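Residue numbers (the UniProt record's numbering), protein chains in the order written: chain A, 1 to 111; chain B, 1 to 111.
Hints are not guaranteed to be accurate.
[Said to hold, decoys possible] Listed below are the simulated DSSO-like cross-link pairs for lysine-lysine, each with C-alpha atoms no more than 30 angstroms apart in a straight line: (1) A:Lys-2 - B:Lys-75; (2) A:Lys-20 - B:Lys-3; (3) A:Lys-75 - A:Lys-3; (4) A:Lys-3 - B:Lys-49; (5) A:Lys-20 - B:Lys-75; (6) B:Lys-49 - A:Lys-2; (7) B:Lys-2 - A:Lys-49; (8) A:Lys-49 - A:Lys-75; (9) B:Lys-49 - B:Lys-3; (10) B:Lys-20 - A:Lys-2; (11) B:Lys-75 - A:Lys-49.
These aren't lab readings, by the way, just hints derived from the structure by calculation. On a predicted model such as this, the values are computed, not experimentally measured, just so you know.
Protein chains: 2
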Amino acid sequence: MKKQTYSCGLDAAVDVVGGKWKALILWALHSGALRFGELSRNVSGISEKMLIQQLREMESYGLVHREVYHQVPPKVEYSLTEFGHSLNTALIPLGDWGELHMETIEALPRP
Amino acid sequence: MKKQTYSCGLDAAVDVVGGKWKALILWALHSGALRFGELSRNVSGISEKMLIQQLREMESYGLVHREVYHQVPPKVEYSLTEFGHSLNTALIPLGDWGELHMETIEALPRP
DNA sequence: TCAGGTACTAACCTTTTTGTAAGTATGGAG
DNA sequence: CTCCATACTTACAAAAAGGTTAGTACCTGA
Numbered sequence: 001m002k003k004q005t006y007s008c009g010l011d012a013a014v015d016v017v018g019g020k021w022k023a024l025i026l027w028a029l030h031s032g033a034l035r036f037g038e039l040s041r042n043v044s045g046i047s048e049k050m051l052i053q054q055l056r057e058m059e060s061y062g063l064v065h066r067e068v069y070h071q072v073p074p075k076v077e078y079s080l081t082e083f084g085h086s087l088n089t090a091l092i093p094l095g096d097w098g099e100l101h102m103e104t105i106e107a108l109p110r111p
Numbered sequence: 001m002k003k004q005t006y007s008c009g010l011d012a013a014v015d016v017v018g019g020k021w022k023a024l025i026l027w028a029l030h031s032g033a034l035r036f037g038e039l040s041r042n043v044s045g046i047s048e049k050m051l052i053q054q055l056r057e058m059e060s061y062g063l064v065h066r067e068v069y070h071q072v073p074p075k076v077e078y079s080l081t082e083f084g085h086s087l088n089t090a091l092i093p094l095g096d097w098g099e100l101h102m103e104t105i106e107a108l109p110r111p
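Please take these sequences and the hints and turn them into a complete structure.
In structure tokens, the structure reads:
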């Protein structure tokens, strides 16, 4: 989130879901709530710091819900809100596109 | 483009269209070819450096086509390839989502 | 000969993002 | 007592992205 005004819907959406991890976290939560540790293992390559950072941000955006179970050892579950679900749905075609062109993409020249 | 392998289609797609500008440039080219200067005015807020940098990258990915007219003053037109079109199409739902929730997004808390 | 319009290019710097590694808090189990 | 699992937190560093400013090359027409 950097801007306050956007030139178009895509501009706004990219600002919300932008970055390396948010879309993947959303994706991982697609099929239901997950604990912090489960997410950590599910989203391959993410560090604990980035995960919590992104989760906090997405929570503040109203995309994910955080449920704390007062136990020891602690248990915290993250799940998608309605808003998060709607965004996830909007991302499906993009995911399909990536899937379809995966080989092409992997063969693309790197900087 | 940072990775060589992806955990899912969305992962790959985000890697291709990631960053602040690519989606917007794609969007701007939706309705047809544009010259460098036209793009510059069309994609609000972008600097010439970022524009050319992103265009070059997208050209190398096969998303946009660059057509040079040997004239003075110079004229260069950028347009979407088939690949670029397909990506643009996949971005439509995301754009719609952003449009639909624009007010909510603008009211989101900033860091 | 000199300004003008177009599409870049280059150097330098600042900001943002991401990564790494270590440390904290909790209460029950042994 | 000490260890364990879990969910963070902190401090620091590196890397990537983005921004600013000035400059180049080209022919044309005044």
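Hint check:
Only pairs whose Cα atoms come within 30 angstroms are accepted, and Lys-2 of chain A paired with Lys-75 of chain B is rejected, the gap being roughly 34 angstroms. For the proposed pair Lys-20 of chain A and Lys-3 of chain B, the alpha carbon gap of about 11 angstroms is at most 30 angstroms, so the pair holds. A distance of roughly 35 angstroms separates the Cα atoms of Lys-75 of chain A and Lys-3 of chain A; the hinted pair therefore is violated under the 30 angstroms criterion. About 20 angstroms separates the Cα atoms of Lys-3 of chain A and Lys-49 of chain B, which keeps this hinted pair within 30 angstroms; it holds.
For the given pair, Lys-20 of chain A sits about 36 angstroms from Lys-75 of chain B by alpha-carbon distance, which is inconsistent with the 30 angstroms threshold. For the given pair, Lys-49 of chain B sits about 20 angstroms from Lys-2 of chain A by alpha-carbon distance, which is consistent with the 30 angstroms threshold. The suggested pairing of Lys-2 of chain B with Lys-49 of chain A holds, with an alpha-carbon distance near 20 angstroms, which does not exceed 30 angstroms. Of the pairs offered as hints, the one joining Lys-49 of chain A and Lys-75 of chain A holds, with about 17 angstroms between alpha carbons and a cut-off of 30 angstroms not exceeded.
Taking the CA atoms of Lys-49 of chain B and Lys-3 of chain B, the gap is about 24 angstroms. The hint holds against a cut of 30 angstroms. Taking the CA atoms of Lys-20 of chain B and Lys-2 of chain A, the gap is about 10 angstroms. The hint holds against a cut of 30 angstroms. Proposed proximity of Lys-75 of chain B and Lys-49 of chain A is contradicted: the alpha carbons are some 48 angstroms apart, above 30 angstroms.
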